[in-house]
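Here the protein sequences line up with chains A, B, C and D, keeping their order.
If you're matching positions, the first sequence starts at 62 in this note's numbering and goes up one per residue.
If you're matching positions, the second sequence starts at 62 in this note's numbering and goes up one per residue.
If you're matching positions, the third sequence starts at 62 in this note's numbering and goes up one per residue.
If you're matching positions, the fourth sequence starts at 62 in this note's numbering and goes up one per residue.
Hints listed in this document are in silico derivations from the structure and should not be mistaken for laboratory results.
Wrong hints could be hidden among the right ones.
Where chains are identical, the list cannot tell them apart; a pair therefore holds if satisfied intra-copy or between any two copies.
[What the hints assert, rightly or not] Below are the SDA-like pairs computed for lysine to any residue, each with C-alpha atoms no more than 20 Å apart in a straight line:
(1) Lys313 <-> Ala302
(2) Lys364 <-> Arg144
(3) Lys376 <-> Glu75
(4) Lys376 <-> Phe360
4 protein chains.
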Amino acid sequence: MSDDRQAELKALLEQPPVPTRRPTVPALEEALFRIHPVLDHGFVRVVDYMGDDAAIVQAARVSYGSGTKAVRNDRGLIRYLIRHRHTTPFEMCELKLHVKLPMFIARQWIRHRTANVNEYSARYSILDREFYLPAPEHVAEQSASNRQGRDRVLTTAESARVLELLRRDAMQAYDTYSGLLNDTGDGTPADPGAPQLARELARMNLTLNYYTQWYWKIDLHNLLHFLSLRADSHAQYEIRAYADVIGELCAKWVPLAWEAYEDYRIGGAHFSREELDILRQLLAGGDADTLLPASGLSFRERKRMRQVLQLGPPKR
Amino acid sequence: MSDDRQAELKALLEQPPVPTRRPTVPALEEALFRIHPVLDHGFVRVVDYMGDDAAIVQAARVSYGSGTKAVRNDRGLIRYLIRHRHTTPFEMCELKLHVKLPMFIARQWIRHRTANVNEYSARYSILDREFYLPAPEHVAEQSASNRQGRDRVLTTAESARVLELLRRDAMQAYDTYSGLLNDTGDGTPADPGAPQLARELARMNLTLNYYTQWYWKIDLHNLLHFLSLRADSHAQYEIRAYADVIGELCAKWVPLAWEAYEDYRIGGAHFSREELDILRQLLAGGDADTLLPASGLSFRERKRMRQVLQLGPPKR
Amino acid sequence: MSDDRQAELKALLEQPPVPTRRPTVPALEEALFRIHPVLDHGFVRVVDYMGDDAAIVQAARVSYGSGTKAVRNDRGLIRYLIRHRHTTPFEMCELKLHVKLPMFIARQWIRHRTANVNEYSARYSILDREFYLPAPEHVAEQSASNRQGRDRVLTTAESARVLELLRRDAMQAYDTYSGLLNDTGDGTPADPGAPQLARELARMNLTLNYYTQWYWKIDLHNLLHFLSLRADSHAQYEIRAYADVIGELCAKWVPLAWEAYEDYRIGGAHFSREELDILRQLLAGGDADTLLPASGLSFRERKRMRQVLQLGPPKR
Amino acid sequence: MSDDRQAELKALLEQPPVPTRRPTVPALEEALFRIHPVLDHGFVRVVDYMGDDAAIVQAARVSYGSGTKAVRNDRGLIRYLIRHRHTTPFEMCELKLHVKLPMFIARQWIRHRTANVNEYSARYSILDREFYLPAPEHVAEQSASNRQGRDRVLTTAESARVLELLRRDAMQAYDTYSGLLNDTGDGTPADPGAPQLARELARMNLTLNYYTQWYWKIDLHNLLHFLSLRADSHAQYEIRAYADVIGELCAKWVPLAWEAYEDYRIGGAHFSREELDILRQLLAGGDADTLLPASGLSFRERKRMRQVLQLGPPKR
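Sequences and hints are given; from them, build the entire structure.
Okay, structure coming up:
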């Protein structure tokens with residue numbers, strides 16, 4: 062964060078709170094205007110929020126009227142809604158974040174179309190010399206089995222070489238970018254004899270690990286969907302790091318919804334028709350080492366089924 | 062509103078406000094938990110809101126960075142954004158309403174797909190005997206020139222007859238509905254010897270002027286778009302009545318955005334390529350009575366052009 | 062369907078096909094311009110479609126490039142995509158339907174916001190005297206255990222009484238509607254001495270079982286989501302009837318995607334964290350009659366688990 | 062395009078067309094499977110389409126029923142729809158494109174959330190050594206008056222220096238990328254002694270002018286909105302180049318809709334409340350040189366008003 066921005070946040074934090082009649086979550090109020098660091102230069106901070114656990118319940122009771130009175134308490138109703146995929150009450154809560162993130166992650170993130178976004182524009186303004194370099198323990202080989210994954214972490218020497226190359230190219234890219242802009246920051250040229258290339262052109266020379274930032278606003282239903290995909294073990298580590306921080310903020314904001322989400326979505330498992338059939342046979346006394354190889358399941362499906370059900374490895 | 066609901070709102074209003082660090086709009090806080098009546102039994106009330114005029118500016122400054130510093134103040138920047146259709150900063154504000162409205166209006170309203178909705182469900186719950194009857198001054202003839210509009214208001218005698226028929230059918234529909242449900246309200250049958258028809262079936266007997274209600278949450282950009290269509294003179298009176306009330310709430314909530322919206326969207330006018338061409342000729346001294354009839358504009362387009370430009374009626 | 066419309070469809074069917082280079086599905090071409098009846102007066106017909114199973118594969122291969130070459134054939138890739146919730150390739154197919162349906166069903170259906178819709182407007186035009194009456198075998202009591210469901214089918218005498226009341230009110234509502242419009246169909250009044258009430262007002266007198274119609278266009282991913290909710294046993298029978306017909310059309314259109322959807326989405330089952338835990342204990346030899354009652358699962362969850370896993374009823 | 066892909070397209074073009082009953086547009090069929098080059102290595106090609114001008118009319122007639130019969134022909138109805146912002150019938154047509162474009166343009170483009178997208182993933186696959194370099198006549202200085210625009214085109218010598226720097230950094234970025242991947246293309250390492258960095262990491266070293274590609278599917282209403290923003294003179298040249306090509310394809314596909322769009326949206330102009338007020342005074346004989354400076358309009362607004370109305374420069 063620039064010094065300007067930090068001073069601005071500090072000033073906001075020093076302002077006394079104001080009274081409101083809106084639903085308010087003290088645990089999340091604590092997090093407002095605070096920086097939650099992610100990766101080497103990134104962050105997440107909560108700018109604003111609307112609603113709380115009670116707002117979900119309130120919306121559901123509007124929909125289902127007296128039909129929801131049978132459910133005794135808020136926790137029970139929220140769990141019922143998650144279980145039965147009654148998703149609309151969760152859309153009644155909204156979270157607004159300020160996120161700083163590398164551009165190659167921003168490109169993944171933006172694919173979720175159900176959010177509102179205002180991104181820093183390098184057509185208008187000049188980006189800082191800030192780029193992402195992974196910590197050595199996250200520099201890993203391409204996985205052979207999983208086309209989109211990482212595998213063995215590189216040795217210290219190997220990763221040092223990788224990081225040095227990434228740093229060198231990022232630094233050179235910025236030197237060129239900055240030279241082409243030829244702008245001391247207030248519009249006057251550093252070199253009066255040279256042109257000032259249009260910002261919308263100069264930016265193309267930056268590498269994809271440069272940081273951008275945006276305001277990102279999304280409702281709770283779509284946020285949980287985003288997190289279920291991006292906090293997943295198959296997601297790229299760098300976006301997972303953001304999803305994990307946002308998940309912690311969510312747990313403060315709507316603890317009952319978060320608990321239900323973890324119990325029903327994250328901690329659970331889905332079985333296909335064929336897997337369900339095998340499951341029934343296993344419960345009826347069938348032998349996994351016989352049933353699984355004889356099934357039409359792929360190697361990966363069989364492996365995942367053994368893991369999820371804790372069946373242990375095949376005996377032969 | 063049911064007595065239960067009214068007591069609930071009264072209790073909410075009596076609760077002391079709580080402190081928050083979020084952007085807060087005192088003028089809209091005043092409106093929270095208050096009923097704004099619309100039509101004979103409908104209402105709008107603000108349940109929650111996120112953001113204010115400053116939040117629009119803040120989001121724009123994230124996007125355009127130092128590029129927005131040249132615009133001196135918030136009002137100027139907001140007007141600039143509206144003028145140039147930079148719509149994303151307006152998506153950073155969100156409004157949540159509780160609305161009670163007749164079903165034939167709900168069917169129009171729901172066509173706006175960019176909102177979050179939780180509607181009272183007559184599959185789960187029993188609707189009250191509340192239906193819309195227009196005030197006599199809104200009972201009007203079909204327009205011959207405008208296929209979707211009203212024309213001459215009926216005479217007192219004529220409208221009394223119309224209203225009597227509407228009332229009779231609505232009352233009878235409810236009697237049947239209620240008889241088929243055969244439910245005293247707590248699940249016990251009014252007539253123990255008769256069946257209790259499934260709610261999801263009985264509801265089909267209600268007429269479209271019965272009231273439903275929903276929670277409706279939308280961002281400011283899409284709200285302004287909704288209002289530009291539904292507060293328009295071509296919109297049906299009954300939905301316009303809601304749009305007008307929501308517009309007044311908007312003016313309290315985001316006064317600068319509202320002013321800019323009125324100046325640039327509502328108070329303005331769009332001219333087609335051909336209309337623009339005629340306009341230029343008029344400014345160069347051309348005669349409307351010659352130019353307009355000779356143009357390819359339709360009768361309606363010519364009429365609208367005369368009105369908007371205050372050219373007066375054709376002299377011949 | 063009106064005679065006009067039937068003649069129009071017949072004419073379309075008699076036109077010779079034209080050549081195209083686009084992906085074409087002969088089995089679905091057969092269904093084009095044909096009426097698939099639903100309920101007593103409703104229908105579904107395919108107006109147009111874009112893409113086929115191969116288009117899903119093609120889009121996936123653009124995304125995953127050489128990463129998808131390992132998957133040997135189209136069927137395998139489509140199953141992989143469904144299994145791993147890679148949903149975007151399914152958005153590359155699009156289906157356009159013409160649907161005639163009762164208004165109370167239209168109100169449920171429209172809640173799916175991801176489709177394009179053009180609905181017949183009763184502000185502009187006059188609705189026909191066509192309303193839905195359930196077949197006697199679908200006239201059922203309110204379920205006591207499930208707030209949104211049906212239970213015992215009424216006796217012949219009971220349902221005859223229900224249907225007679227529904228018919229009477231619908232007929233009377235239309236008589237009033239028609240009288241208020243006072244329009245012989247071409248704009249001239251039936252009764253020259255009476256006013257012609259604006260259509261946008263008169264329509265409010267119709268009951269919710271009157272038929273409306275719309276063009277409805279949606280991509281395959283969102284269509285499958287719609288069907289997973291609306292062809293479900295918890296959905297109201299009347300909308301399920303439509304979902305079932307659309308499902309059959311889908312099976313003709315994209316047979317591989319449909320098979321994968323049935324195997325992985327419909328035929329499968331999801332277990333929560335706690336259910337999964339119990340499942341592991343059952344597989345390790347635990348006793349359902351001991352484990353289930355001791356768990357924190359609700360009565361309904363326990364019942365559903367027994368059903369899905371075919372555990373049989375509790376022994377005590 | 063890779064040789065593989067070109068061979069594939071050639072094969073598709075050689076396949077005989079198949080019969081269909083769907084609306085078909087011969088002029089667009091001609092464009093199917095053909096590459097429309099954009100920038101130095103980019104392209105647009107039509108993969109599929111749904112609907113035509115008649116499909117817009119058909120959908121409108123479903124909505125407005127007999128209310129549209131008064132409009133005599135398809136052209137008139139389409140112009141009426143565009144004029145009155147009845148946008149839903151235009152959503153009934155759909156276009157699917159395959160686009161190859163630089164990543165900094167892809168980042169602008171993707172902000173339009175109403176499309177379906179499948180993008181080539183550099184997590185799975187390896188990008189080619191293809192990057193964008195502007196033609197010398199598009200290498201221009203930053204505009205001082207317009208924060209997001211270009212101004213003076215650089216001299217030959219200046220632009221040669223800029224392009225040389227861009228080329229140098231892009232080449233080096235790819236050398237590093239390729240070295241880190243250490244993959245000859247089939248998974249075997251070029252240097253058996255070195256690690257193969259995970260693709261999802263190596264990609265961060267590429268500069269933003271590298272080309273990516275995607276399938277992009279959108280309905281006609283949203284496409285026209287996209288084009289109105291991206292074919293605009295304020296849009297960055299590089300995205301305008303794509304918008305222009307897509308516009309030409311649109312004109313072949315739906316010539317009546319395109320003509321109406323050009324006449325009413327592109328060729329027209331919008332005036333604010335205040336501008337309209339001045340316009341009326343000008344028409345009543347007022348003097349622009351007196352009225353404009355005395356108004357509250359900004360310098361830019363006054364300038365734009367003079368241009369649009371062809372008032373000429375101020376006389377003093």
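Hints, one by one, checked against the model:
In the homo-oligomer, the alpha carbons of Lys313 and Ala302 lie at most 20 Å apart inside one protomer (18 Å), although the nearest pairing across protomers, at 40 Å, exceeds that limit. For the identical chains of this complex, Lys364 and Arg144 are inter-copy neighbours only, at 14 Å across copies versus 27 Å inside a copy, given an alpha-carbon limit of 20 Å. Taking the shortest alpha-carbon separations for Lys376 and Glu75, neither the intra-copy value of 64 Å nor the inter-copy value of 54 Å comes in at or below 20 Å. For a Cα distance limit of 20 Å, the shortest separation of Lys376 from Phe360 inside one copy, 16 Å, qualifies, whereas the shortest one across copies, 37 Å, does not.
Going through the hint list in order, the structure does not satisfy hint 3, though it satisfies all others.
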